[in-house]
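S.K.: Using the sequences plus the hints, can you model the full thing?
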Amino acid sequence: MHVPSSQEYWKLNTGNLGENGCILRLQTDGNLVLYTRNKISLWSSDKYCKSPCEVPSILALQDDGNLVVYHSLTGYAVWHIK
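Each residue of the sequence shown is one higher than the one before, counting from 1 in full-length UniProt numbering.
If you are wondering where the hints come from, they were derived from the structure by calculation, not from laboratory data. Each statement offered as a hint is correct.
FRET-style restraints, in silico, Cβ to Cβ: (1) Thr36 / Thr74: 31 to 37 Å; (2) Tyr35 / His80: 19 to 25 Å; (3) Lys39 / Asp63: 31 to 37 Å; (4) Asn38 / Thr74: 33 to 39 Å; (5) Tyr35 / Ser72: 20 to 26 Å; (6) Glu54 / Gly21: 25 to 31 Å; (7) Tyr35 / Asp63: 25 to 31 Å; (8) Tyr76 / Arg37: 31 to 37 Å; (9) Trp43 / Asp64: 17 to 23 Å; (10) Leu73 / Gly21: 30 to 36 Å; (11) Gly21 / Thr74: 30 to 36 Å; (12) Asp64 / Thr36: 26 to 32 Å; (13) Tyr76 / Ile40: 26 to 32 Å.
Mimicking BS3-like on lysine-lysine, the simulated pairs with C-alpha atoms at most 27 Å apart in a straight line are: (14) Lys39 / Lys50; (15) Lys82 / Lys47; (16) Lys50 / Lys82.
Glycine included, C-beta positions come from ideal geometry on N, C-alpha and C.
M.R.: Below you can see the structure in the form of structure tokens.
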């Protein structure tokens, strides 16, 4: 998929909270979290396993625009935006 850099293709509903730069992190517990530069959580998928555990996960932006977290061993979609 090719999206011109000036075109907004997809966004989270965080208002202007992330306008100074953010980090989107797929954590080892399977949770997808958007953090500020100061490591404050702005948003999360709330899909994770209880500690102690690690979930081998893959984040994929598909050609149809759907953002999906897959369990990498089973191939099952754990979370998706659409």
